[in-house]
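Engineer: Protein sequence lines, in the order shown, are assigned to chains X and C.
Numbering-wise (our numbering), the first sequence opens with residue 43 and increments by one.
Numbering-wise (our numbering), the second sequence opens with residue 132 and increments by one.
Since the hints were made in silico from the structure, they are not lab data.
Glycine is no exception: its CB is placed at the ideal position from the N, C-alpha and C atoms.
There may be inaccurate statements among the hints.
With beta-carbon atoms standing in for the labels, derived distance ranges [claimed, not checked]:
no.: 1; chain 1: C; residue 1: E262; chain 2: X; residue 2: D66; range: 31 to 41 angstroms
no.: 2; chain 1: X; residue 1: L81; chain 2: C; residue 2: M326; range: 48 to 58 angstroms
no.: 3; chain 1: C; residue 1: E262; chain 2: X; residue 2: A196; range: 33 to 43 angstroms
no.: 4; chain 1: C; residue 1: S888; chain 2: X; residue 2: E282; range: 21 to 31 angstroms
no.: 5; chain 1: X; residue 1: R281; chain 2: C; residue 2: S888; range: 21 to 31 angstroms
no.: 6; chain 1: X; residue 1: V131; chain 2: C; residue 2: S832; range: 31 to 41 angstroms
no.: 7; chain 1: X; residue 1: F48; chain 2: C; residue 2: A601; range: 54 to 64 angstroms
no.: 8; chain 1: C; residue 1: S832; chain 2: X; residue 2: F48; range: 13 to 23 angstroms
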Amino acid sequence: MIPATFKYQRAHSVDDAIAALAKDPGAKLLQGGHSLLPLMKLRLARPGLVVDIGQLAELRTIDVKADSVFIGAAVRYHEIADHAPLAQVMPVLKKTVSVIADPQVRHRGTIGGSAAHADPTSDLAAVFLAADARFMVRGPGGERVIRAADWYVAPLITALASDEVLLGIEFARPSPDHQTYLKFAHPASGYALAGVAALVSYDATLHVTKAQIAVTGAGVLPFRAKPAENFLTGERLTRESAEQAAQLGADAGEYEGDVQYPAEYRKNLARVMIRRALESLA
Amino acid sequence: MSQMVLGSRVLRKEDVRLVAGQGQYTDDIRLPGMLYAAILRSPHAHARIKQVNIKAAQDMPGVVKIYTGADLQGKLQSIPTAWIPPESDLKMVAHPALASDKVRYVGDGVAMVVAHSRSQAEDALEAISVEYEPLPAVHDQLDAMKDGAVQLHDDAAHNVALHWKVGTETDEAFRTADVVVRQTFRQQRLIPNPMEPRAAVAQFNSATGDMTVWATSQNPHIHRFLMSVVLGIPEHKLRLVAQDVGGGFGSKIACYPDEVLVAYAARDLGVPVKWTETRAEHFTITTHGRDHVDEVELAGTRDGRVLAIRVKAYANLGAYLSTAGPGVPTILFGLIVNGAYDIPQASTEVYGVFTNTTPVDAYRGAGRPEATFLIERIMDRYAQEIGMDPVQVRRVNLLKKEQFPFTNAFGITYDSGDYHRALDRALEMLDYAALRREQASLKAQGKYIGIGFSTYVEMCGLGPSQVAGAVGFQGGLWESATVRLHPSGKATVLTGASPHGQGEETTFAQIVAQRLGLPVEDIDIVHGDTDRVSMGWGTYGSRSTAVGGGALAQASDRILAKARTIAAHMLEVPEDAVRFEEGKFHPEGNATKSVSIQDVTLQAHLGWNLPAGLEPGMEASAFYDPTNFTYPFGTHVAVVSVDPDTGEVRLVRYIAVDDCGTVINPMIVEGQVHGGIVQGVGQALYEGALYDDAGQLLTGSFLDYAMPKARFFPTIEIDRTETPSPHNPLGVKGVGETGTIASTPAVVNAVMDALSSFGVTDLAMPLTPPKVWAAIQNAQSMKGGQS
Chain X
43 MIPATFKYQR AHSVDDAIAA LAKDPGAKLL QGGHSLLPLM KLRLARPGLV
93 VDIGQLAELR TIDVKADSVF IGAAVRYHEI ADHAPLAQVM PVLKKTVSVI
143 ADPQVRHRGT IGGSAAHADP TSDLAAVFLA ADARFMVRGP GGERVIRAAD
193 WYVAPLITAL ASDEVLLGIE FARPSPDHQT YLKFAHPASG YALAGVAALV
243 SYDATLHVTK AQIAVTGAGV LPFRAKPAEN FLTGERLTRE SAEQAAQLGA
293 DAGEYEGDVQ YPAEYRKNLA RVMIRRALES LA
Chain C
132 MSQMVLGSRV LRKEDVRLVA GQGQYTDDIR LPGMLYAAIL RSPHAHARIK
182 QVNIKAAQDM PGVVKIYTGA DLQGKLQSIP TAWIPPESDL KMVAHPALAS
232 DKVRYVGDGV AMVVAHSRSQ AEDALEAISV EYEPLPAVHD QLDAMKDGAV
282 QLHDDAAHNV ALHWKVGTET DEAFRTADVV VRQTFRQQRL IPNPMEPRAA
332 VAQFNSATGD MTVWATSQNP HIHRFLMSVV LGIPEHKLRL VAQDVGGGFG
382 SKIACYPDEV LVAYAARDLG VPVKWTETRA EHFTITTHGR DHVDEVELAG
432 TRDGRVLAIR VKAYANLGAY LSTAGPGVPT ILFGLIVNGA YDIPQASTEV
482 YGVFTNTTPV DAYRGAGRPE ATFLIERIMD RYAQEIGMDP VQVRRVNLLK
532 KEQFPFTNAF GITYDSGDYH RALDRALEML DYAALRREQA SLKAQGKYIG
582 IGFSTYVEMC GLGPSQVAGA VGFQGGLWES ATVRLHPSGK ATVLTGASPH
632 GQGEETTFAQ IVAQRLGLPV EDIDIVHGDT DRVSMGWGTY GSRSTAVGGG
682 ALAQASDRIL AKARTIAAHM LEVPEDAVRF EEGKFHPEGN ATKSVSIQDV
732 TLQAHLGWNL PAGLEPGMEA SAFYDPTNFT YPFGTHVAVV SVDPDTGEVR
782 LVRYIAVDDC GTVINPMIVE GQVHGGIVQG VGQALYEGAL YDDAGQLLTG
832 SFLDYAMPKA RFFPTIEIDR TETPSPHNPL GVKGVGETGT IASTPAVVNA
882 VMDALSSFGV TDLAMPLTPP KVWAAIQNAQ SMKGGQS
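One chain only, chain X, in its complex shape (with noise of 0.2 angstroms):
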C-alpha cells in the first residue's frame, strides 16, 4: 500500500504534459487519481513519472453545442450529474455518472481518467460505445480523433498512444429520445457485472427508428450489441422484443469468466439487463 518512488510533475498546459510524455515513454497521466493511485500503491503500476492533468482549466469544460456535446477529459462525474444542459441533451450521462462508486469517488474521479484507464467494467465504456463517443487527443504530431469503436482494444489497454493526451470526449446531437443507463453492480466492487447504456427513439406507435444499445462488465471488453439494434430497428417495443433483441445482443459480447462468476452467467446478466434497459424505455 505505498507505492514505489517516483517523481511527480503538475503540468502547466497539455502541451506541456505531451514534451513531459515524450521526455519519459514511462511516464503516466495522473487526473482524478481514483485508478492510477491504488494500482501504483499495490505496485502492479510503477511509473517513474507522474504527470498531474487534473487541475488543467483547458480540460475541464463542458460544451453544449447545437450539434455535438464536449465534455473535457479532467471534468469529474459530479459536475457532469450536476450540469443541468447536458442533463437536458444527453440523460443518460448522468444516469451513468450518478451510479458510478460513491459520493467521494464521484468528487474526485474523471471522465477522461476513465476513459483513459478503460476497466472493461466501467460504467461509462457503455455509454461511450452506445452513444458512438469521439475521443479527442493531442499528441506531438497534432490533434487526432478515435471512435469509440476503435477505443477499447483490450482490458486496460485504449487507442490513445503513450506520447499522447485525452483532451475530451464529444458526442453528436441530437442524440436519441430515450436513454438509460441500468447496471447490475458486482456486491463487492460495485463495479458493473452488467451495465447497459440504452438509447431509443421511436414513434408514436412504439416502433423503434433508433436503437443504440452497449453492454459493459459482463464481457471480456465493453461491446455494442448491434445485433439486438438491427432486430429492433422498425419493430415495435414490447416485453417480446426487448426480450428478443435482449438474446441476440448478448450473442454478440464475448464472455470470461471468474471464480465467482462464470461465462454463461454473465451472457445471461446481459441478456436480462438489456432486456429490462429497453422495457424500462418503452
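Chain X is already provided as a structure; the job is to place chain C on it using the hints.
Structural biologist: Okay, now just chain C, sitting in the frame of chain X:
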C-alpha cells in the same frame, strides 16, 4: 440525577473524541527516532526456504537492519496457542515468528526490514531474494485429511490438529426414530475486516528494561502475558497499551508474530519501531473465521419431536494454531449444537485440521454461529421432511419457560429464558399468516419470496474461570474493576474489559452512575492499558458487560457501603437508618437533612472526621468471577425475494426480537444488534474466502471479497423481551454477537423457502446470484427433462 440512567439512551461518551479525530489509535503513535518495519511474506502457500539473500536490501537507502528467520532462531519462543481442549490430543506445533525452514501459507513471514521510513522499508523488501522450493499445498480440510495429502507439520499425521468428542449416546435414537434427516453443511471461511487494520509500536528502555508495546488488541493483558512468554520479558517490565481500537470482531484477540517482531527489533536496536498492516496484508495474515464442514444428523418423530442430534465437524484451523483457534470449533461450538431445543440426546465430534491457509480463530460469534446455523438449518430440513410448518416444528421443541435453568445433553446449564414469548412477538410483528398468503399469490405471478426463521440461543459472557480451566482455556475469565472517587466526587473507573467500538465507556459509566448516583459525565472509564489496569481478560465472547459489568457493580457497591458508613457518621444516625437516593444520603424519614456522595467522598479523602477505625480514601476494586455463562436468545425472521432471472436475493424485511436480559443502553444494544445482523447476513449472502489449488487467496481485496453494504439492507425491525440473567448482579446477558449468530440461518432458511418452489433444498453459502441462478436453472432443466 435520575434513577433512570440504567436503561436510557445515553449518547456515546467516546464519540466526541473519535469523531473529532482525537482518538489515539496505534498508528497515531509517533515517537522520536521511531523506525518502521515491513515484513516480507511468503508468496507460496507451502514451500521450503532454500536461501534468503538480504545483501542487496541491506544497501538500500534508509535500511537499518534486516532480520530473517535464521537470525531469530533460539531467541524467541514459538507463537503459542492459549486454548488446549482437554482430551483432544492437540498437536502443539511450532509457530516461529519468522519462518526459517518452511513457509506454510501465503503471508507467512520470512524476513523483516527495519528502516527510517515506511516506504524505505517497503522498497527494501523487494530487494530481498528468497529461493523457495515449492511444495504441494492443501487448502481444504477434507482434502488435507486424505491419505497421501501433503503434511504441513511433522508431528500432525493426516494434518489432524485435534480430535474431540462430547455428548451422550445417540445410536439408539437413530436406530429407532421414525425420521432421520441428514445434511452436510459447509460454513465457508470468512475474512474479518474491522475498519482499522492491525498495528504495533514498541519502545524499549535499556536502562530500566521496560518495554512498552502499543498494539491493536481486544485483550491487552492476554497479549502481555503471551508476549512476555515469547520475548522472555517479565510481565512487570512489559506494558501493553490498546487505547483506541477500530473494531476487532475476534481478529484482534490473537497474539501475532508481527507485534512480537516489532518488540524484538525495538529491544535489539534500542529505538522505537512501528509496523502498520496494509489492507492487502490484512486479508492474508490476520486470522480468518468459520470454515467448517458439518455432517449433521437429526432423529425425530413424525409429529415433530426431535429425539437426537449428531454432528461431525471438520474445522479448518489454517497453517498454525492461533491463540483461541482450537477452542472455537470445540468448546464454543460443540456444547450447544442442540440450540434452543429440548433434545435429550446429542453428540458432537470435531476434527481440527491444518491446511496451507491463514490461521483461523474467533470471528464474531466464534463457534456459536456455526452451531446455530446447523441446528436452525436442520430444523427446517426436518420440518420439510415431515411436512410441518417451520414455526410449528420449533414450537414443539423450544424449551419452555418453566424448564429453566435447563441443563442440555452436553451438561451446560442455560440460565433463563422465555423462548416462546420471543417467537410470538416476532410472529406478531411479521403478521405471519398474511405473509404466507402474499407468498402464495406472488408465486402465482412468477415472483418468489421466502420466509426464514432462527429461534436461537447462544452461550456468552465468558465465563466462569473454573469452567475455563476445565475446558482448556489457558487463562481465567473473571473480570476486574476499580472505582476511584476523587476528592471532588468525580470518578475514574478502571476495567479489565477492553472495549474497541462497543461503547462501554458509556454503558460502564451508566452502571456506576446508577449505583452511586453520580452524573454519567463525571465518570471516566479507563481501559486498554496494562499499567493502569492491574489485570483483566479483555473483550470477546460478549463478556464485557456480563462479567466486566459484574465487577463494576461489585466495586461500586463496596464504595457505596463505605460511603454509607461515613454518611451515617456525618448525619449522626445509625448506619441502618441511612437511606441513599439520587446521590444523597439522608436519615430515614427525614429527606431535608442530607449529605451527598460527593460530600462523603471529600470527607473520606480529608480524613478529618471518620468513624473510628475506618481507613480514609474512596476506592474499591472487585474481581468478579461469574458462576455461569449467560444465554441470550430470541427469534429472527428474514423475508427475502429471489429474482429467478438473475439469482439475486434481496432482503425485504428483517425482524429481530432479542432477549439480552437487562438492558443498560437501548441505543447501544440496537447498534450491536444491527451490526451483528449485517455481519451474519454477510456470511449468508455475500462473503466467502476462496483459495485456488496452489493455496493462493483469490478474494484478497474488497474488489473480490464482498462485505455487506448499507444499501443491501432494509430497515431492521427490532424489539426485545427482557428475561434477566439470574446469576449476575446486573441481570445482563451478552448482545455483541447475537445478531451474527441468529441472522445467517434465518436468511438461508428464507432463501431455501423461496427456492422450495423449484425443489431446491440446500445451497452452500454465500448464496450469490450465480449460485442461486444456476440452482434454479438446474431445477428447471431437470423438470423440463422429466416432462
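Engineer: Are X/F48 and C/A601 spaced within 54 to 64 angstroms by their CB atoms?
Structural biologist: holds (59 angstroms)
Engineer: Does the Cβ distance between X/V131 and C/S832 fall inside 31 to 41 angstroms?
Structural biologist: With Cβ atoms ~38 angstroms apart, the hint holds.
Engineer: Given the range 21 to 31 angstroms, decide if the beta-carbon distance of C/S888 to X/E282 lies inside it.
Structural biologist: holds (25 angstroms)
Engineer: Cβ-Cβ distance between X/R281 and C/S888: within 21 to 31 angstroms?
Structural biologist: Given range 21 to 31 angstroms: holds, Cβ gap about 22 angstroms.
Engineer: Quick check on a hinted range of 33 to 43 angstroms for C/E262 and X/A196, using CB atoms only.
Structural biologist: This hint holds: roughly 34 angstroms between Cβ atoms.
Engineer: Could one say that the CB atoms of X/L81 and C/M326 fall in the range 48 to 58 angstroms?
Structural biologist: For X/L81 and C/M326 the Cβ distance comes to about 23 angstroms; the hint is violated.
Engineer: Given the range 13 to 23 angstroms, decide if the beta-carbon distance of C/S832 to X/F48 lies inside it.
Structural biologist: holds (22 angstroms)
Engineer: Within 31 to 41 angstroms or not, the Cβ separation of C/E262 and X/D66?
Structural biologist: holds (34 angstroms)
Against the hints set out earlier in the document, a violation occurs for number 2 only.
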